[in-house]
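Engineer: Start from the sequences and build out the full structure, keeping to the hints where you can.
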Amino acid sequence: MPQLAGSPAPTSWSAARAALSVVARERARALGLPTTALEDWRYVALTALSRLQAAAPRAVSRDEIIPWTVPGTTSVVLVDGQLRAELSDPLPAGAPLILCEPGQLPEAQASALLRRWSDRLAGETDISACWALADGERGLAVQVQGAVVQPLHLISITSGGVCAATVTITMQANASVTVILTHVPLAPSRCSLALDLELAAGAQATVDELQVAPGSDTAQLFTVVRSQLGRDSRLRWTSVHRGCALGRSRLEALLGAPGASVELAALSLLRATSQWHDLTRIAHAVGPSTSQQLYKTIADDAALGSFDGLVSIRPGADLSEARQRHQSLLLSPKARIDSRPQLDIAADDVTASHGSSIGQLSADELFYLQSRGLPVAQARALLLGGFVQDIARRLSPPGQALLARHDLLPQHPAPATA
Amino acid sequence: MAEPLLVIEHLSVNVESTPILKDLSLRVEHGEVAAIMGPNGSGKSTLSKVLAGHPSYQVVAGTIRVAGVDIAALSPEERARSGIFIGFQYPVEVPGVNNADFLRLALNARRTAQSLPELDAAGFAPFLRTAMERVEMDELYKDRQLNAGFSGGQKKRNEILQMVLLEPVLAVLDETDSGLDIDALRVVAHGINTFRSPQRGLVLITHYQRLLELVVPDSVHVLSGGRIVASGRKELALELEAKGYDWLDKR
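Chain order of the listed sequences is A and B. The numbering of the first sequence is the working numbering, which starts it at 6 and goes up by one. The numbering of the second sequence is the working numbering, which starts it at 169 and goes up by one.
Errors might be hidden in some of the hints.
Quick list of simulated restraints, FRET-style, between CB atoms [what the hints assert, rightly or not]:
no. : chain 1 : residue 1 : chain 2 : residue 2 : range
1   : A       : R410      : B       : A241      : 39 to 45 Å
2   : A       : S367      : B       : P294      : 31 to 37 Å
3   : B       : P263      : A       : S19       : 51 to 57 Å
4   : A       : D412      : B       : S224      : 30 to 36 Å
5   : B       : P263      : A       : P402      : 22 to 28 Å
Bear in mind the hints are in silico, worked out from the structure with no lab data behind them. C-beta: ideal position from N, C-alpha, C; glycine also.
Structural biologist: Structure follows, in structure tokens:
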């Protein structure tokens, strides 16, 4: 039965979860605040971390959520990391889907989740995952049991304060779902969110996920995504970010069974003093398995962006294929983009490539468009639209609608009178 | 008597302080097809870039008037919208930009300058279809990315398509015949010939006589060392083909 649960978690869960939070805080304390001396944080301007003057969390009305809903999707709303059933849509009748707080999972599953988190914390090296597990006590658990036709739209609202959220998505064998995860910092956007997303895909499961962050000059966002992919399963992940005062995404994928594949594509459109940092860690544990990464960054003004990607092909993961590309455009002399694509190959028979390019809009292309009557601003918009096209065309229709409504992509084509 | 369509007087142009064009003068009447020939490095492509308004080329002396208007102060887009079209020797590839979207924007820019209403995608479709038929271009190319992955011949054909679509008053085609096979040359020549009219002027920059067999020029000018060193009628092109450019130097 489809379920969007609202009943309270049992006391046993609450106590165990609280104990896990204590462990997570201790782990965070042990790790200490990140510094650029750490490889995984080397490109991040961390001074922003201490500058957050968080506003107090506040009540959120349905009216504030409506602009972010997309027709044809099922909206599931989290406010400051907590599932809010009363603000969410009912699940479509017959959808092979369970949605609830983690504490409302069947006892065996809830216990397994706590054990998994506990094991992770023992070796956790990313402090933002610790923050999420420490304070994200009432997140979201999604279980997909079959083919879910209507996309799920997880709208993560941050109203203020320093918040955390956990989302777990468990895909049974042969299940499929499209998920859109939209981060919305509500005005005055003085807030921070640490989100931990776990994804486990069973055999032949398919996940098409779009993560959207519309951008904010003052908000901070840290996401950690850890995915495990089973035999012949597929994760197709697309991100579109406009940057924030401090934003970082760590995405890990473990291709743990033959035929598993992951396609990652991300676009960061950064302006003013915003920053966004993508860090990916892809592990081919067995072959054949496939990973493709296409990351694009456009930085204007004094924005700061980076891509730090590592693909590891472990011993025995023969016949694996890995492609990793990072392409960037610097639109201002004060903007900065760092790029570090890396391959670590320990198997003999693999196909792997990686590459990075950072440049400016081509003067020759601009001139060519101008020579056909297009004003400079329109020519630039057209070229920027062209630069993002291969990511834009990956989007599902609801994803396109969401991005279009909030003007999150460069216009393509730009109006003739621009 | 009306001024010629294109009047270039005593034009000198530098690229990074190196003089390329030196005191060049040229006139092209309405309805005239003028061929400009010359050896490699003589300044032919520089002339086309200067007419397009390329920022890397500095006009240090002289004037260029098109339809009586001094175009020195006009930006590249203003020149295009006023009806100047340059068919480039090496059209750039613009990945990610849909060819039809680009063509529509270009046509709308021109139409706006002519006080005509802009066309939406549906309104533009018949214009594009007709123009593509005229240059015998497969409709598949409208949905391709602008020049990206096009063969050399298809890029040139796409340039002629733009010329046909934009209906400029002055078209300058820079070595449009280079890289074309015989069939493509015939198609491109047909496109150029259908473009000819008493109101328009055409400047064909070429190394070879073969294009001029299909598009017969009214005048032929030889550019060498940054200046026009000889002018004549179509027979001059035949003489150059037979005797080579050295012949002019030895005269």
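Engineer: Against this structure, judge whether each hint is valid.
Structural biologist: A quick look at each hint next to the structure:
no., hint, in the structure
1, A:R410 to B:A241: 39 to 45 Å, "holds, 42 Å"
2, A:S367 to B:P294: 31 to 37 Å, "holds, 32 Å"
3, B:P263 to A:S19: 51 to 57 Å, "holds, 54 Å"
4, A:D412 to B:S224: 30 to 36 Å, "holds, 35 Å"
5, B:P263 to A:P402: 22 to 28 Å, "holds, 24 Å"
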